[in-house]
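Enquirer: The lines below spell out each chain.
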Amino acid sequence: MGKENGTGGTGKAGTTRNFKVWRGDESGGELTDYQIQVHEGEVVLDVIHRLQATEAPDLACRWNCKAGKCGSCSMEINGMPRLGCMTRMSTFEDTETVTITPLRTFPIIRDLVTDVSFNYEKARETPAFAPPEDLAPGEYRMQQVDVERSQEFRKCIECFLCQNTCHVVRDHEENKEAFAGPRYFIRAAELDMHPLDTKTDRKEYAQASQGLGFCNITKCCTEVCPEHIKITDNAIIPMKERVVDRRYDPLVWLGSKIFRRGQSEGDQTPRDPDQLGEAHSVAGGSHDPESEGDAERGVHWNRQVPHPTAPSTDARGRLPISEFTFDRAAAPSPFGDDVTFPLPADGLNYSHPEQKD
Amino acid sequence: MTTRIERHHYDVVVIGAGGAGLRAAIEARLAGKRTAIISKSLFGKAHTVMAEGGAAAAMGNVNSRDNWQVHFRDTMRGGKFLNNFRMAELHAKESPQRIWELETYGALFDRTKDGKISQRNFGGHEYPRLAHVGDRTGLELIRTLQQKIVSLQQEDKKTHGDYEARIKVFAETTITELLLDGDRIAGAFGYYRESGEFVLFEAPAVVLATGGVGRSYKVTSNSWEYTGDGHALALRAGATLINMEFLQFHPTGMVWPVSVKGILVTESVRGDGGVLKNSEGKRFMFDYVPDVFRKQYAETEEEADRWYSDPDNNRRPPELLPRDEVARAINSEVKAGRGTPAGGVYLDIASRLPAEEVRRRLPSMYHQFKELADVDITAEPMEVGPTCHYVMGGVEVDPDSGAAAGHVQGLFAAGEVSGGMHGSNRLGGNSLSDLLVFGKRAGEHASAYAEGLGGRPKVSAPDVEAAVDRALAPLEREGGENPYTLQQDLQAVMGDLVGIIRRKGELEESLVKLAELRDRVTRVAVAGGRRYNPGWHLALDLRNMLVVSECTARAALEREESRGGHTREDFPTMAPTWRTVNLVCSLDGDKVRLEHKPLPRIRAELIQLFERTELSKYLTDEELADFDALTGDAHAEEAAK
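In order, the protein sequence lines correspond to chains A and B. Each residue of the first sequence is one higher than the one before, starting from 37 at the first, in the working numbering. Each residue of the second sequence is one higher than the one before, starting from 451 at the first, in the working numbering.
These are calculated hints, taken from the structure and not from any lab test. Among the hints, erroneous ones may be present.
As the list claims (entries may be wrong) - Calculated pairs, BS3-like style, for lysine-lysine (alpha carbon to alpha carbon, straight line, at most 25 Å):
#, chain 1, residue 1, chain 2, residue 2
1, A, Lys212, B, Lys820
2, B, Lys608, A, Lys235
3, B, Lys820, A, Lys266
4, B, Lys607, A, Lys212
5, B, Lys963, B, Lys1041
6, B, Lys1041, A, Lys235
Here chain B stands alone, though its shape is the one from the complex (with noise of 0.2 Å):
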């Protein structure tokens, strides 16, 4: 059949719209190239709206004594030593001036007394270290660099006549496929969701800022757009996805009602005073403290309720454990058939504090029950459980330029989507830094790229006919499976069998489990045309889906230890063997390919940031022995002087 295919010549295509595309995009036309931004939902609607707690940046507004060292050594801290060292580096120094910059587009902080931007407290970091705009900070975020955008474009109406001459978003419009020619990316193919047309982009340069993974799981914070794309389109255009086992789940995610399934419960509403209860009633987050925290939590009820008003003479209230420990032990009161009904245990405020109290002092968990279903946090118990946030598993990438690794050139990624910065656990705040620190160093890259390239890689017809044909596909199907349907169950398979608790005999089977499922995506059939059709549309994410959640759960079954987003029952300790180990995966024809790889060595300077004590709990004997090699020479260099 003969179908209608829109082309467009760009320089950069950027695939996301959210913080790390609009900063990659920013980025790349101001290095002069022509750049396409690619937008799944309309623009300015992103993911990274719904980020409330802040962008962490060692600015030292706050408390002086912060600075990049301090947040590396945080953020090193908080991925158990799993990340990528030199861009949790990169991270560290390059953040501050990443923020500043943001208000020289117009983007308007919370601010300190002496007119500097305002830092808060977050878990994890050692000083108040998060820029924030209230509880709003990513919609801040999106919205100064969505207005950059257009103040970029007005620039660009005044000198070419054209707001779209060199910079032009495409709103609603879904890539399905990268082409290539040989190794290299020569463009992207897509589709208009709001009329079904297809849409090619021949580009010698593709940065991947598509976000997360969530909606393969039952109970996630994550928006319909969190499809993995990015992922599956790295993964079949030759890249390499590294650290696939870890999920962040935000241990307290609204379980119903359903009208708010997923909305995360901030975690200040425990350290406000709130407890968590089982059906029977038990404040049972005594049982599971675990050995190395034991010193620093409180034993009984008595003791804990104390520390809300005298914290210095008593220990903390195990409420108040790390996000995994809490996360897990609802999901073990769950398992063990203590949970509510909709499958969650109850995070209780209302008998805690009084109504006016809680009002006061969460103003806006208070609104939003409220207002989104009508549950009155003040009066009734909230019913919470382990809900998928983030995924620190991606795209395996060179940490300076962002370039993806693997065989392919001309792939670049940044944010949720490219993997090693976070390790195995992000800190809090860190994601939004995250977005501008390498989206900017993505678009800057990819920049380059295009500029040092010789000829143009060629788009082959022959791809274009097979992306079209595999988009057209679950049309033309008749009577075969509802993508609804299937996506219930993907969300099944992988929320029961690779959630926040894993064990090996449940990892296998969710593999037979996600074969079987593979074997009936390729029957999907949705009805009705391709004019802006939500069926179509998720039948066509649904390969994206599959093949990332395969990518977790043989990851998973692969990692034998317990290490921030992934828990294994079966193997509960963190192993050093396993932190010099990043796990990657590959697509060989339509198989995953898992291998191991070391991770690259800490340098010198950075490793001696930390102290030996600290560092015995997560290196093995032979990089301690290095590391006492190192600091002997250092103490050796001081003697001599």
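Next up, chain A with everything else stripped away, as it sits in the complex (with noise of 0.2 Å):
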């Protein structure tokens, strides 16, 4: 494990720097102080070879590549949650403590290293490549244009940074069961923007049993990513957006473009068609005839939604008056007046979410 240590190899003299590193196990443990030789041009994860090799033989850390392309060397560097082969000591001042702790979110097995098999739990439950059945290999045809978005996540090296920094489930072990994490969300987005993927509810999935709902947009994820994968803005924030168009209605669509960040749309729990229904329950519709119908027919949560347009004025150009004129006091239902509630339970086009087929 420990490589050349010791020696700079290159008679460049280093600096006796001082770290504190977590040393322990499940039972506890404490920051143990060490004061160690640092030379030019190293990494943190050189001065914990170095430790190894020197002081503290059996000092747990994981490691493979070291060039910032496995992803195992995940630690928090002064409260930071980073790569030890991609902290360069530069960046400390000589003066300063540098403080090693291991992944916060996941639990301890011995000094650095966690057990991070919850991330490997929730890759078992995200549904795998649904390849075309009409296609041999050897005939995909994709557009580059079109692979790319998948791919920008494709270059995630598991790190698992993001799911440790994501503030639902750290310190939240009781989200965790929901929650599959920023990780898996761009593995349901990579899927979904798969150009010959055929499962076609990557999105609803994500919602229903993913716990994209938990997601609050603070962009952590993406914050701490040494792949710098736009995991909020190219990932969540997509498959946020047209769950919601897909699940609900078109003035839904059109709140959540315009209430978009920060605000509570769809991030809470899937239940939130009651809140956002509410805020926009006025009549009216996209007066797409195909859409109306399918919206008297009663609930059809997958139907594709059109585009939502504007309304239709009066000779005046103005939007007509429907509360003076309407048959009724109070809104409207939104899901139109000839549908009562309870909905017959064998028309509806849903399934539970638990309920494995």
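Both chains are sitting in their own frames, so use the hints and assemble them into the complex.
Expert: Structural data, given as structure tokens:
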């Protein structure tokens, strides 16, 4: 494990720097002080290797490629989730004490090594690529521009820093069951954007089963990503928007456009239609006969929703004052006046997320 | 003492979770076998992720003239005709299918304009042939195979109610011994890194896919896992290793700063105008152009510099000589005392191209060094030197099935741990396709072997006890040798004495030093407990590194010629008689035994793919006479028609 330790090999003198490294296991532990020689051009992982080769041969720490490509040496350095191999010592002051601790979101195994099996469980729950059945190997044709969107997410080195930093699960053990985390949102987005994937409900699945709704777009995951994947902007937000657009009503979609970021659109729980429905429960529609027809037939969760259009106006160019002319008090039902609740269950185009087929 | 040992029963155990291991495991599971994957690190972290260039496969997407015969020819040339021809043939024929298959698993390669998989040019390949995803093809390959395994697990969950019903990944698990029943594989013994608990796999078939040996070298691009485990396990189980003298050193690995030591600087830095200079500022490559290349390479700096803009009317700069020549030249400069303080030479692109241009042409190089080491390659020269990159040698296998030679049954090998495919030198891009082609074959044949076996071989209890004792010994010993010191000493011996340029005296000295180290390794002691203790893990790996290093040193001393990844200063040329010989290592007790074994004869229709003039550089006179007889017959036949 310890490689070229001890000697810098160049004659350039090192300086002694102060480190605090968390040592311990699941029963507890503490920050231990070390004074370690640091040479020019070294990264934190080099320092850990030197520590292993000298004072602390049993210091547990994962690493593999030492080139920022495998995502093994994830740790928290002065509280920031980072890769040890990509954190240069030159970014700290000579007198600064560097504190190295294990990832906080996952259970401790020993020292800097944590049990990251949470991530592998979530990976297994994410539906795999569904290949087109009518194409034989070698017949796949895709345009570069179409594969690039998914390729961005496939850059992921699975360092799990995004999972570690996400406040939905960081210090919230109770959310882990229902929440897959940013790594698996980009996996879902990647497959959703895959030109030849035949599974069509990736977004709905992300919302219903991966806990996409827990995310309130604080962008912490994007900030810590060593591959600079735009997790929030390019994966989570598009997934959320289109989940909303398919599941609900065109006006909600419009609302989500207007109340974009930091608002409570679709980000608490999958039960949002109540909240959102209230805010937008005005009569009116898209003036698209087909979708109006759909609407009249009842709730179709999975129907493709047409783009919203402007409401029709009267001869003077004004909106009709429907409340005055309407035959009932209060606002009309957003579901259409001929729909009564509860709907007959066998008429619903909806399957409960818990029921696997 | 009593030790708890977890027991598992599988049909096929795959040791190694890189490209070859995962592909083998997929095949074994598809064949209906209960399959275990043993991964030394976390699932998906294997060294395969480091491969940048691409996977070579003659799909002909970019140039339709490409086909398997051309790929076969390139591979044989690259390996200086020492390749196992059958492996090179299978590899060239099957790699397109293996790549296309990856697309059905969800891989997203870069595309051509008409939507096919794009292919790029690479050294030694006649046509653009490497399927790629930017410069992270290895990552794409690993992730794709990893996700395919997950999808198989999802299928199993549907049918059996358990993700791990038929294929399970044992992450962070190291195998220390293979267990035999007579000559047949009965299982594998190892430990969980996380807990230090022991685990025993009872299985009739084992596929080795453990990768290479680079961690025995001071400067290497390889990760810590590359300690030659599979090579050593195979030897101890009675299998044989071939071609262990052939190691590929990449000529330009970073030697400074420490944080990027060993990391490769792609050849395109030189292709785009980068030049090599020694500590005196001299562009020294002009002094190292061998006679055979004299005609193709420029003799003056002026001519060399004109080549970049006008390659048709000027000869190539000598910086673009083949890898081994460049590595040798750098090595000579350093040994002559004209190296940098860190023991390399300067690779200068900063003074050759405007900063803007460097960033545009070499974006990932620029970012890699900026981020990892705060080195601005547009402002200062890089310090580079030869870095240990790949081992051509490995387990001697049956080319079709991947079954290990020697007297063991039920052992298979694929990928870097197997030998023969690449001969004396591997072409860039051929390793990723090698993983897929032979990984699949090994998985398939291991399954067939397990299927055809009457009764299950039995693990013997004393063997397991011995394995436990051996594993625990370093923890129980007090005041012994420090494993980290031992590794550094081993790296120094291999780097200094069995490095890129080899001499008889130094190789003999290395054997003496390795014997001393072997003695010291038996006294290795570690502090701490069994729970995730890297010192202990290293102590156990050292045993493997040592025996494999000894094979390399012995074979390097024996082979008195220079060929591909083996350069002897005292025998600087290729000798046709040596081309007909494989050096085979086996273990006799704990001694390494070395034997000569004739290379299989290349089939008539395959050798006829080459021109006589080319073959005359490699073949012996008798072989050439046979070739003439063949072509004579062919001409006669044609004339008769």
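Enquirer: Does each hint hold? Answer for all of them.
Expert: Hint by hint, here is what the structure shows:
Of the supplied pair hints, the one linking Lys212(A) and Lys820(B) is violated, its CA atoms being roughly 36 Å apart against a limit of 25 Å. A distance of roughly 17 Å separates the Cα atoms of Lys608(B) and Lys235(A); the hinted pair therefore holds under the 25 Å criterion. At most 25 Å may separate the alpha-carbon atoms for a hinted pair to count; Lys820(B) and Lys266(A) meet this at roughly 21 Å. For the suggested pair Lys607(B) and Lys212(A), the alpha carbons sit about 21 Å apart, so the restraint of at most 25 Å is met.
About 15 Å separates the Cα atoms of Lys963(B) and Lys1041(B), which keeps this hinted pair within 25 Å; it holds. A distance of roughly 58 Å separates the Cα atoms of Lys1041(B) and Lys235(A); the hinted pair therefore is violated under the 25 Å criterion.
Comparing the model with each earlier hint shows violations of hints 1, 6; every other hint is respected.
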